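Peer 1: As a plain string of letters, each chain reads:
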Amino acid sequence: MLVSAEDISVCGTLNKISCSFSYGNTIILGPNGSGKTNLLQVLAGVIAPTTGQVTIDGNMADRPTLRRNIGYLPQTFGLYPQLTAQEMLDYIAILKGINDQKAREHHVASALERTGLVAVAKRKVGVFSRGMKQKVGIAQALLGNPPILILDEPTAGLDPEERNKLRAMLMELGQESVVVWVSSLISDANYADRILIMEQGANCFWGTPSELVDRGIRCSKASYSNPLVQNDCLEQLEQGYRSILCSRGRT
Amino acid sequence: MITLTDISKGFGNGEFALKNISLSLEKGLHLLVGPNGAGKSTLLRILANVTYPDVGSISFYGRDIHSDLHGFKSRMGYLPQVIGFYEHMNGIEFLRYMACLKGVLPRYTERRVDEVIQVFGIGQHANKKIATWSIGLRQRLGLAQALLNDPDLLILDEPFCGLDLEEADEVGQLISRLSQNKIVLFSSHVMQKLAISKLLLLIDGTLQFAGLSTVFLDEAQGRVWLVDIAKEQWTNIQAKYLTSTVLLKGNRYQCKIISESKPDIEGASSIMPGVEEAYLFWLSRYHLASGEKTIC
Chain H
256 MLVSAEDISV
266 CGTLNKISCS
276 FSYGNTIILG
286 PNGSGKTNLL
296 QVLAGVIAPT
306 TGQVTIDGNM
316 ADRPTLRRNI
326 GYLPQTFGLY
336 PQLTAQEMLD
346 YIAILKGIND
356 QKAREHHVAS
366 ALERTGLVAV
376 AKRKVGVFSR
386 GMKQKVGIAQ
396 ALLGNPPILI
406 LDEPTAGLDP
416 EERNKLRAML
426 MELGQESVVV
436 WVSSLISDAN
446 YADRILIMEQ
456 GANCFWGTPS
466 ELVDRGIRCS
476 KASYSNPLVQ
486 NDCLEQLEQG
496 YRSILCSRGR
506 T
Chain V
484 MITLTDISKG
494 FGNGEFALKN
504 ISLSLEKGLH
514 LLVGPNGAGK
524 STLLRILANV
534 TYPDVGSISF
544 YGRDIHSDLH
554 GFKSRMGYLP
564 QVIGFYEHMN
574 GIEFLRYMAC
584 LKGVLPRYTE
594 RRVDEVIQVF
604 GIGQHANKKI
614 ATWSIGLRQR
624 LGLAQALLND
634 PDLLILDEPF
644 CGLDLEEADE
654 VGQLISRLSQ
664 NKIVLFSSHV
674 MQKLAISKLL
684 LLIDGTLQFA
694 GLSTVFLDEA
704 QGRVWLVDIA
714 KEQWTNIQAK
724 YLTSTVLLKG
734 NRYQCKIISE
744 SKPDIEGASS
754 IMPGVEEAYL
764 FWLSRYHLAS
774 GEKTIC
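Which chain is which? The protein sequence lines are H and V, in order.
Start counting the first sequence at 256; every next residue gets the next number (the working numbering).
Start counting the second sequence at 484; every next residue gets the next number (the working numbering).
Among the hints, erroneous ones may be present.
Claimed, not checked - Sample of chain H residues facing chain V (criterion: CB under 7 Å; computed from the structure):
# : residue
1 : Pro286
2 : Ser384
3 : Glu416
4 : Tyr446
5 : Pro464
Source of the hints: derived by calculation from the structure; they are not laboratory data.
Treat the numbers as computed from the prediction; the structure is a model and nothing was measured.
Don't be surprised by glycine CBs; every beta carbon is placed ideally from N, CA and C.
Input sequences plus hints: build the corresponding full structure.
Peer 2: Structure representation (structure tokens):
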């Protein structure tokens, strides 16, 4: 499966951006305000682009088609605090059009299992920590096994252990689906097959983590002088990211 | 110096959010880490006097904070995890309003508002409605309001959340600078590359470590391994070992494993632990002690 954004513009945020996403994990990085969330919203059919189109396997996809094929986690996700995680997911499954109760139960159980929420499924989401709420958000995106997953900042607010588990989960999901996610954490890029870096609504880097690391190795200036910081691949990845933004005129 | 003595806070159902927390913090930059739901925000809220402990006491420079609550609040600044802004106000109006709520004397208000706007570099946007501000700018505004009363104690709950790399660098440098003459305590899930005076690890409402970050790292020494594996091995490795950073290199993964003994993987080499690996090591040690989960 191949999802493509072709010459997408959204007034004030996206500037004729073109990119294609196939099976595997693609992470989108970039400064706040660079248009990452807007691109995801266009791909998920939440907003319509001013110009350009989204295609799936070469066929133009309208917004209902996109919504049918895509599981989407928005940046801010509203939950009904009085519902349990299971009830919340069941309700979203109904909204997604999974009308058969048995099928719904199966999809909800599978989503709870995949996100490690089984133990807290009967607890009200109002008492959940931010990380657990985030997992409910990911679980709702997985409902119905959509072939394309679009996730806006799925690792935000997660502790390192949960973050690593989620990254591993996304890597696994990427083996059978198209996973596109946005992150503010450069370290998340380590887990992706491909990296898209955006700046001012345009694509300014497309490549693999190794290619970004190679860029970083060529620029060794560290931002902090803390001796505890190792000169490892994460540091080089950050340097690579910085060098790309520097070349676009950012300091 | 701020000192907490035997602070406990319950959920009301017999379970504890915080249990017997005792610690002292002096001027400097202190990092509070722990899993989601460990009680970090509750601890910060208690310090900021937003919520109260069931038992225990807090003294600030030797004086119980409740003996002069007004005096304590006038010397404390707090950035909550989620901060509500009045979207229709502009930055200056919001800061003036917050200065008023914080009891900054009217004759000092304009000067303080100007100062914090300068410090956080939000002058360009100060006259625009907050509704139009980006996440990064809002976070800076949140930090700015915490500094309005020029506090001696600054409590920041996830100040880096939502910031991009560049903004996180700026905020990191700023709070480092502020910690030269203030007690700055912040929580974070992102192990920032900052020089930390004291690192606090909170798990299940109990303080598992409070001390120098070098000591925190030393404990994990010899327990972090770098391995290079084929993509197909990843699932098995992950099921068997606790893993940290992974880098995809073509069809191979380079990953860090946290393990008491050398993993049974060809070419595994011991490496210096980073703060995140040390954190995972401490966490696994806690789980091991409580019988929840083991590391190899």
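Peer 1: Does Tyr446 (chain H) pass the interface hint, meaning its C-beta sits closer than 7 Å to a C-beta of chain V?
Peer 2: Since chain V brings a Cβ to about 6 Å from Tyr446 (chain H), closer than 7 Å, the hint holds.
Peer 1: Would the hint on Ser384 (chain H) stand, with a C-beta cut-off of 7 Å toward chain V?
Peer 2: holds (4 Å)
Peer 1: Are Pro464 (chain H) and chain V close enough, Cβ to Cβ, to be under 7 Å, as the hint says?
Peer 2: For Pro464 (chain H), the interface hint holds, since the closest Cβ of chain V sits about 5 Å away, which is under 7 Å.
Peer 1: Next item in the hint list is Glu416 (chain H). Is there a CB on chain V closer than 7 Å to its CB?
Peer 2: This interface hint holds because 6 Å falls under the 7 Å limit.
Peer 1: Pro286 (chain H) was flagged as interface toward chain V. Is the shortest Cβ-Cβ separation under 7 Å?
Peer 2: holds (4 Å)
The earlier numbered hints are all upheld by this structure, with none contradicted.
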